[in-house]
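There are 2 protein chains.
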Amino acid sequence: MSIDTKRPHFERVALVGVGLIGSSLARVMRREGMVGSIIGCARTEATRAKALELGIVDEVTDDPAQAATGADLFILCTPLGTYGDIMAAAGPMLAAGAIVTDVGSAKVCTIRDVTPFLPEGVAFVPAHPVAGTEHSGPEAGFAELFQDRWCILTPTPETDAAAVDVVAALWKRAGSKVERMEAKHHDLVLAVTSHLPHLIAYNIVGTAADLEAVTESEVIKYSAGGFRDFTRIAASDPVMWRDIFLANREAVLEMLSRFNEDLARLQRAIRWGDGETLRDLFTRTRQIRRGIVDSGQASNGPPKPPR
Amino acid sequence: MSIDTKRPHFERVALVGVGLIGSSLARVMRREGMVGSIIGCARTEATRAKALELGIVDEVTDDPAQAATGADLFILCTPLGTYGDIMAAAGPMLAAGAIVTDVGSAKVCTIRDVTPFLPEGVAFVPAHPVAGTEHSGPEAGFAELFQDRWCILTPTPETDAAAVDVVAALWKRAGSKVERMEAKHHDLVLAVTSHLPHLIAYNIVGTAADLEAVTESEVIKYSAGGFRDFTRIAASDPVMWRDIFLANREAVLEMLSRFNEDLARLQRAIRWGDGETLRDLFTRTRQIRRGIVDSGQASNGPPKPPR
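Chains A and B, in that order, give the protein sequences. In this text, residue positions in the first sequence follow the numbering used here: the first is 1, and each later residue adds one. In this text, residue positions in the second sequence follow the numbering used here: the first is 1, and each later residue adds one.
Each hint should be verified, as a subset may be incorrect.
Since copy identity is lost for identical chains, a pair holds within one copy or between any two.
To be verified - Mimicking DSS-like on lysine-lysine, the simulated pairs with C-alpha atoms at most 30 Å apart in a straight line are:
id, residue 1, residue 2
1, LYS172, LYS221
2, LYS50, LYS221
3, LYS50, LYS6
4, LYS221, LYS177
In case anyone wonders, no lab produced these hints; they're calculated from the structure.
Required output: the full structure, derived from the provided sequences and hints.
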């Protein structure tokens with residue numbers, strides 16, 4: 001590999017998926033002068049047109065194989081369920097020395113789906129920037145999205161070490177703090193810090209929408225009492241999240257069953273008027289919040305895009 | 001009643017509980033020049049000293065009876081479980097023409113606990129400002145907390161109409177939009193828009209804290225993936241929330257069992273790889289968020305207190 005692992009520069013980046021994360025990453029690479037040209041790959045004509053219009057990419061295609069041709073960096077920024085098909089098409093066109101990476105929220109399945117299609121001499125560095133908003137599409141992206149957030153890399157023992165350094169350098173230039181983790185552990189950690197919260201949020205918003213005795217307009221009107229915060233999360237991209245739950249099924253189901261056990265205990269405490277159990281838990285959870293505030297992860301932090 | 005129902009002025013307000021909501025309301029009444037003097041009633045010496053130091057109240061006491069003496073407005077801003085004892089002490093000291101009101105998050109129990117202690121000629125106007133933050137105490141309050149939020153009044157058919165107008169006028173001066181509702185319906189609406197979300201948030205934060213395979217520091221580090229938003233809610237005042245769940249038990253348990261049924265369906269969909277069910281729900285919940293954004297209830301809106 002001839003690339004500078006500390007300050008990498010890519011001649012030609014293939015960005016497969018130009019949504020919130022993909023377009024934000026493209027903006028970072030432009031801002032940092034890390035890239036010669038970017039080819040954006042998207043299925044829909046509207047997305048391709050928007051990505052060109054915003055100047056996020058230099059050219060567009062709907063064909064992963066064409067995107068892969070001549071690319072020294074190939075980045076998957078599409079829903080997890082698409083990885084296999086994309087790599088089946090793109091793999092044969094990737095030249096030795098190219099690096100494949102991704103931004104998916106589950107990693108065991110990513111490694112499983114991508115690895116079989118890697119030609120000799122092409123490294124795959126699984127990555128997951130823990131950042132996002134509830135908005136989707138190329139226009140939702142912004143270069144500061146990853147600032148002060150964590151990006152988790154989950155290379156296997158076989159992954160080319162220099163390629164891992166290159167991808168780590170890319171994320172550091174995005175302002176992220178980079179951590180390495182075993183893929184299976186990543187999936188467990190994210191099941192609790194991200195996937196379960198999303199599932200619960202989607203569920204409660206659905207429950208509220210289905211009530212007969214309370215109208216949807218009442219739910220909306222009085223949402224400031226707590227519900228509101230769940231709706232933000234439950235507005236996240238439906239296809240992306242469907243794929244995450246299916247891809248990380250085992251860990252999500254494990255976390256969900258623990259959640260259910262704990263909830264049954266609270267339900268019982270409410271039914272029997274056991275105030276001690278409630279108060280004890282509510283006091284304990286306050287500490288966790290304090291930890292998050294102290295760690296600087298409490299707010300969305302840096303600049304939000306104008307909307 | 002001699003008070004101006006449109007632009008009420010109170011000679012002497014008794015503020016029982018000087019926490020986030022109570023101290024914010026006191027700040028509003030000062031700002032609007034609606035009050036002669038305010039006596040703050042609090043159990044702990046530290047709270048009384050802080051309320052005096054911040055100039056939120058003119059005098060303090062730990063005795064509800066003393067607070068009630070000579071008060072033309074008596075406001076309960078303490079956890080729901082304290083109402084009965086406070087009113088048992090304060091009731092006999094309330095003079096005819098005085099108005100009692102509160103800010104509690106459940107209303108059926110409030111009416112049940114307060115009404116028996118009202119002397120002849122004293123009106124009780126149950127009120128619930130749907131606003132708050134995760135912070136507690138006199139120093140957490142700020143006058144803009146209620147701006148553009150809803151305040152729900154739940155008078156019974158017996159409640160003095162002029163007293164209801166006075167309390168409505170108070171909340172309008174706080175910047176709130178005022179709605180009247182039957183107490184039982186209020187408790188159902190708030191069970192879904194506020195109580196259930198808090199219960200779920202407390203529960204998931206507890207589940208995360210108890211994991212063996214994922215450390216608390218990992219949970220904190222990667223909380224930006226969605227978990228973070230739950231911790232904010234789960235940092236709300238433990239005693240206040242214990243009392244809400246116990247006070248609104250029936251409605252909370254009803255909402256919780258619907259939530260559980262819906263969650264079991266999602267669990268099954270994940271286990272069996274039923275992507276359609278997941279995607280359909282996730283698409284539907286997005287609409288609700290849109291309604292909240294359109295209604296102007298999406299953000300915490302107006303000024304936050306410096307912290």
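Hint check results:
no. : hint              : verdict
1   : LYS172 <-> LYS221 : between (42 Å within a copy, 17 Å between copies)
2   : LYS50 <-> LYS221  : neither (34 Å within a copy, 34 Å between copies)
3   : LYS50 <-> LYS6    : neither (32 Å within a copy, 54 Å between copies)
4   : LYS221 <-> LYS177 : between (39 Å within a copy, 10 Å between copies)
Hint violations for this structure: numbers 2 and 3, all remaining hints satisfied.
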